[in-house]
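**Q** Okay, here's what each chain looks like letter by letter:
There are 2 protein chains.
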Amino acid sequence: MEKKPIEAVVKAFPAKQQRSEQTHEKLLQSGLDLLRDGVFDDISIAQIAARAGCAVGSFYLRFRNKEAFFKFLIESISETLEADLHANLTPESIKELNLAQTVRHCVDHYVETNRQYESIIRAAVQYSINDSDDWQPVRDNGLKLHDHYIDLILSKSRKSNQEEVRQQLIVGLQIISGHLVNSITHPINRLPLHDPNLSHWLFEVVMHCLKVKPPEPAMSQQKKGHLRTASPAKKTIIKRSK
Amino acid sequence: MEKKPIEAVVKAFPAKQQRSEQTHEKLLQSGLDLLRDGVFDDISIAQIAARAGCAVGSFYLRFRNKEAFFKFLIESISETLEADLHANLTPESIKELNLAQTVRHCVDHYVETNRQYESIIRAAVQYSINDSDDWQPVRDNGLKLHDHYIDLILSKSRKSNQEEVRQQLIVGLQIISGHLVNSITHPINRLPLHDPNLSHWLFEVVMHCLKVKPPEPAMSQQKKGHLRTASPAKKTIIKRSK
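Just so you know, the protein sequences line up as chains H and P, in that order.
Sequential numbering from 1 applies to the first sequence in this note's numbering.
Sequential numbering from 1 applies to the second sequence in this note's numbering.
Among the clues, some could well be false.
All copies of an identical chain are treated as equivalent in the list; a pair is satisfied when it fits inside any one copy or across any two copies.
Below, a list of computed lysine-lysine pairs in the BS3-like style, where the Cα atoms sit at most 27 angstroms apart [said to hold, decoys possible]:
#	residue 1	residue 2
1	K16	K144
2	K16	K156
3	K26	K16
4	K66	K16
5	K71	K156
Derived from the structure by calculation, the hints contain no laboratory data.
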């Protein structure tokens, strides 16, 4: 039997690998598209495969089940997100912006990213709340974004106490992040995710956090001295109206 | 057969009804106590009954199942909350406070209420995210609190445009509400629910919202003109590192 030249084998293998990778990509893209319109639980593997133009068997060759697929989906988004950050949101890209403009730029980016991945964030929260760890990678993505924004904003701050500014930014971003997650997971009347003024308000929140001094415990106690704090609902007795 | 005097019947009945109501209360209190320490799904009806000092049968006499019990629990909390609001957080109780102090007072009350009902809010979010309506009553409670706070704060505002102030307060309360829900449903590093400075920051957010002008569309477009908005992660292509 004639031996195949080694080059032919080497050549043939990448082509096969490439096709396999394309199927992998198509499946992930299909999952992302389907998620955009619906709820993760309602999406079947048959649908994912059909939209990707491949057989259900091709799906199972690559992913153990829908949950494993979901993990790949999140991982792939993390990579896209990170590549995008380092390509488009760089010290160079904000060179001409002042502090406030940089904050606005970052908040705009954050809001847009949340809008774009709305369905995957919703699915991740849904999983996490049922005691799965699937929220963690999405949360890590959020923290990665926060760190990136903070570095850019800090580079524009003229305050000598950079650590204080960092703490203020962390709190500000955490608060607006809470609003964004809440607006994705629950129907809210005010400032929903697609409100055109959302960025404006969240920018204001972050900007203001840059001005907030940490509370001085002694002072705040003294100030509160004369306030009779209304006790919220009593702790031990549930009263029911008859 | 001798007829019982009507008074005796009337007297006997309330006593029995009272005992029955006491059992009802005890079961609800038991559920609330257990929820405070654990996850709703992990709590059994046997545990609820045992802690209330009654038989499992007594539970089923009153509630169809655990979900029905949960609905009663939320309803009962709504009533307690409402009674508390009207007893302790009244125009009279804030008579001597200025605008900022009133906002702080309301934010303190809101934070405390969220802390107190942490476990029930977590359970409600968990249910709602799995497509149940059980979040709605909890959400309604939140909106009821917001309305109450807004009325009190508006009474301290000297601005002529009360409607604008109302809109600003609605947004501010919505944003801090997002942070609170998020801090209850997910482990967060910054400003968690029991952080002693939580009220301070959330107060600052609401106060600042009172100063934010709604964005002027033309202006903000113009301002943004020279900013090259970084596109967040691309919409259609998922790139995976090899």
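**Q** Give a verdict on every hint.
**A** To see whether the hints hold, each was checked on the structure:
no.	hint	result
1	K16 with K144	neither (35 angstroms within a copy, 61 angstroms between copies)
2	K16 with K156	neither (49 angstroms within a copy, 72 angstroms between copies)
3	K26 with K16	within (15 angstroms within a copy, 68 angstroms between copies)
4	K66 with K16	within (25 angstroms within a copy, 55 angstroms between copies)
5	K71 with K156	neither (36 angstroms within a copy, 51 angstroms between copies)
Hint compliance for this structure: hints 1, 2 and 5 are not met, and every other hint is.
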